[in-house]
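Chains as they are written, first to last, in my numbering: chain A, 1 to 668; chain B, 1001 to 1256.
Treat the hints as calculated values from the structure; they're not laboratory data.
It should be emphasised that the depicted structure is a prediction, and the values quoted were computed from it without experimental measurement.
Possibly wrong hints are sitting among the right ones.
Unchecked claim - What follows is a list of derived Cβ distance ranges for each label pair:
#1 A:151 - B:1196: 55 to 63 Å
#2 B:1124 - A:668: 18 to 26 Å
#3 A:416 - B:1159: 43 to 51 Å
#4 B:1087 - A:333: 51 to 59 Å
#5 B:1230 - A:391: 30 to 38 Å
#6 B:1212 - A:38: 51 to 59 Å
#7 B:1255 - A:524: 57 to 65 Å
#8 A:524 - B:1088: 35 to 43 Å
#9 B:1065 - A:241: 56 to 64 Å
#10 B:1240 - A:391: 40 to 48 Å
#11 A:554 - B:1240: 22 to 30 Å
#12 A:329 - B:1052: 38 to 46 Å
What the hints assert, rightly or not - To be clear about the criterion: a stretch of chain B counts as covered by chain A if any three or more of its residues have a C-beta under 8 Å from a C-beta of chain A, and this derived list gives those stretches:
#13 1012–1022
#14 1189–1198
Each residue gets a CB set at the ideal place from its N, CA and C atoms; glycine is no exception.
So you can see what is in the structure, the chains are spelled out below.
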Amino acid sequence: MNIYLMIKSILMAWAILIGWGLFLVRAKRLAELMQAVTGEAHLKLNRVGERIKVLFTDVLGQTNVRRKRLPGVAHTLIFFGFFAVQPHSLELMLRGVWPDFHVSGRLPGLYGVYLFAADILAFLVLFGLGYALCRRLFFKPKYLTNGLDARLILIFIAVIIITFHLINAFLMLPSIGGARFDYARYLTVSVAVKGIFNLGALSTAASRVGFEVAYWIHMLTILAFLAYIPGSKHLHMLAAIPNVFLKPLQRPKGMIKTDIEDEEAESYGLGKVSDLNWKNVLDLYACTECGRCEEQCPADLTGKPLSPQRVVTDIKHDLFDQTRPLLAKSLEAVAPLVREGAPLTGDVLWACTTCRACEDICPVNIQHLDLILEARKYQVLMEANFPPELQPTFTNLENQSNPWGFGSDTRADWCQGLDVPRMAARPSADLLYFVGCAGSFDDRGKKIAQAIARVLKKADVNFAILGEEERCNGDMARRAGNEYLAQMMIRENVAIFNRYRPKKIMTACPHCYNILKNEYPQFGARYEVVHHTEFLRELFQQGRLKASGAKIEELTWHDSCYLGRWNGIFEAPRELLRALRQDQALIEMPRSKSKGLCCGAGGARMFMEETSGRRINHERAEEIIATGAAAVAAACPFCITMLSDGIRDHNGDVAVRDLAEIVDAVTA
Amino acid sequence: MQIYVCVKHVPDTAAKITVVGGTGFAETCKFVINPYDEYGVEEAVQIVSRAGQGEVVIVTVGRENAVNTMRSALALGAHRGILVKTDAQFLDSNLTSQALKKAIVQDGSPDIIFTGKQSIDSEGMQTPYRLAQALGLPVATEVVDVKINDRRAVVEREIGGGSREVVEMPLPCVIGATKGLNEPHYPKLPDIMRAKKKEIRKIDIRALGVDIADGPTQILKLDPVPERSRAKMLQGSTREMVEELVRRLKEEAKVL
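Isolated chain A, as found in the complex:
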């Protein structure tokens, strides 16, 4: 027996060394990759207290994971049970090396309480695993990765938990557990296991063999799992916690500004994995391949080649494939991300509407768009590789500062006869109404702009527009990857803003709103920016707009991505519409608010052909028509166009109205 214990001690010491050694070597490699990438992370570590709180809610509380109910509960069970067994396993592992190693002696009561909890929590893991297995064997949601990796992890965990109970059942036998600690007093599930297998009836030798078999399977599985983690999706166990800690604490976020004037720069945007920054890499490591992003993605939903999940895993695999040149610092040998035979193609990148549903739903706060938008930037700036239909759009923006190419001197033609003052004539105006290209040039958009001008006049707002001086806000060019063109227009607008120094800027377009509010500060224009949904609600609340008593039909509200998910404006339009309809509730679509489905126009998709799969606006139109509402309201000229087209293509009888048009129709 003593000889066995000696051999066991040596074998276990080796096993620990190998298991932990492999783990550390692989983990170190991952850390080295994070250091080898050259991109600059635009991350400020602020509000640390809040971030620590997030660890309690999101990680320990598992709240983010449980936004998807059943899988979230299953994960919570696995999470707590798996971690609960580890201290016990560690103790036994060390006892394998030093047979006299016991921690129970110091505080037997506390040890007992721990064992009691771990025993029950471990058992609950089996329910979580059962559900996870059912999802992979029977429900098989399309978005859920279902490869060997995922199944292997389930097997690892199941083996660890089952052997945990078996080990404990054996430990209750005096010949195995000895008399130092009364296991039976604290264990419940393991007591049942002992009873079911009638372990008490086994001979001493048989129980020793049984225990050692369970013990070795348990320890070797844990050590193998440990060594396996860094290369698998289970890497999220290590990376998710820091990633959640570093998550954006507020919803609005600006696109990364690229210094295009930098004469030293050899490349712009994300061209190869070496251009990633360490935070991007942490994002890649944190991915659990849960597929929630893919489930929400309007592109994937309608049969486009893009899945945000695959973007993350493809870039992660490419990062691992490029380990050698990366760690050798021979960056020129790192292969381009988009290349012959690579899974990440231009079709994938250009399918993104930047609706941000992926980032919003991600339980570990991966910032998918930081990857996609930067990759687009590289394709446009460095390769001039983009859908051909964007070229005339870029040229129009460059020459006339609007995507359609109308003469920029006709920018204020929409307000002919409405007596709308220019900032040049009324620089003291309380409000600068930034009309935007759609409001200025698009026939439907012009009607919305006219409605807004009328409403502002009704409320006696002292406002003005820039008129012919206004330039395109740059959002479309920026999201299309043309940072150079975008910055040209942004700088022109910034100079004009800084000349007039408006007290407040209002936009009627979520894209104008988002870039003016969240990205113009990067260029030195910091002004209060409001969207018309908020501003009109305020006018109504202040009593400056009076309901005329005119009826409004049954309505549903379409959340625009850049209003809702990008800026958190979900309630302002709903409140206003409810108030205008004498507190009658709106009809909500199944996909609304933070899960609202994109219209398909964002991320410059408005100006690209949609040739693969079904049309996103058709998908949304069907949902709108199914509500039975007489009208759908929105507050984005691009959404309005997409929804109108979609509903018309479906011969739907649903009016599409901008919030401002409704307000105009029912106020006196």
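Add chain B to chain A, keeping to what the hints say.
Just chain B now, with coordinates in the frame of chain A:
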């Protein structure tokens, strides 16, 4: 292969032209590279890049701010530029072609000279012919396809009615490009950056010995094109629209 491309700095078609002083216009509007010339630049750059050697030189007759347009042409891959500086946007095509000829001959010996088939501002359509005449070279314009073989150019040119004429010319020659010759590529940012540093040599037109007072044509008066009367869209049900139409035909147009 030494290729010269004559490029004109012109107002964008969507720009609003405000006549100033009777014969000029406000040059604050957006200027672009003359689109037909851009086809020439693209073709020249492609020919040199296929040949693996050679040089593309942009030659512009225009005012100082034409440099911006020349930079766009350089961003497409041309190597350097020569700006023949003038005082006015409009210059008689005879004088323009003399200036181009002198600037080119002074600089080197061309294998091909590309021009656009016409400029979109003065629309004279004469410069390629006059330039070829001045240099004593063969010329073909409205060219939609160019093949260079053994010091000979085989070009296809649009001759109207959907027909094309194939012309073979010895090099050097003058080729007037038009839409269809190629699709000018979108410049990459590093090319735009490099273009900012490429050489643009500036010569005053007088220094070339061109007497600008000597132009056979001159602009007497510049008038904006009268706006066509706006189409009116009638709205409402079919009955309402018909009634409104009849009313307008009776009362406004007085044709009924």
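Outcome of the hint check:
1. The hint said 55 to 63 Å for the Cβ distance between residue 151 of chain A and residue 1196 of chain B, and at roughly 57 Å that hint holds.
2. Between residue 1124 of chain B and residue 668 of chain A the beta carbon distance is about 60 Å. The supplied range of 18 to 26 Å is therefore violated.
3. Between residue 416 of chain A and residue 1159 of chain B the CB atoms are about 45 Å apart, so this pair conforms to the stated range of 43 to 51 Å.
4. Between residue 1087 of chain B and residue 333 of chain A the CB atoms are about 55 Å apart, so this pair conforms to the stated range of 51 to 59 Å.
5. Range check, residue 1230 of chain B to residue 391 of chain A: Cβ separation about 31 Å, and the 30 to 38 Å hint holds.
6. The supplied range of 51 to 59 Å is met by residue 1212 of chain B and residue 38 of chain A, whose beta-carbon atoms lie about 55 Å from each other.
7. Against the hinted window of 57 to 65 Å, the Cβ-Cβ separation of residue 1255 of chain B and residue 524 of chain A comes to about 59 Å, which satisfies the hint.
8. Hint check: residue 524 of chain A to residue 1088 of chain B, Cβ distance near 38 Å, so the stated range 35 to 43 Å holds.
9. Distance hint check: the CB atoms of residue 1065 of chain B and residue 241 of chain A are about 58 Å apart, consistent with the given range 56 to 64 Å.
10. Checked against the hint of 40 to 48 Å, the pair residue 1240 of chain B and residue 391 of chain A passes, with Cβ atoms roughly 43 Å apart.
11. At about 27 Å, the CB distance of residue 554 of chain A to residue 1240 of chain B agrees with the hint of 22 to 30 Å.
12. Between residue 329 of chain A and residue 1052 of chain B the C-beta distance comes to about 33 Å, which lies outside the given range of 38 to 46 Å.
13. Counting residues of the stretch 1012–1022 of chain B whose CB falls under 8 Å from any CB of chain A gives 4; the rule of at least 3 is met.
14. Here's how the stretch 1189–1198 of chain B fares: 4 of its residues keep a CB closer than 8 Å to some CB of chain A, so the rule of at least three is met and the hint holds.
Hint violations for this structure: numbers 2, 12, all remaining hints satisfied.
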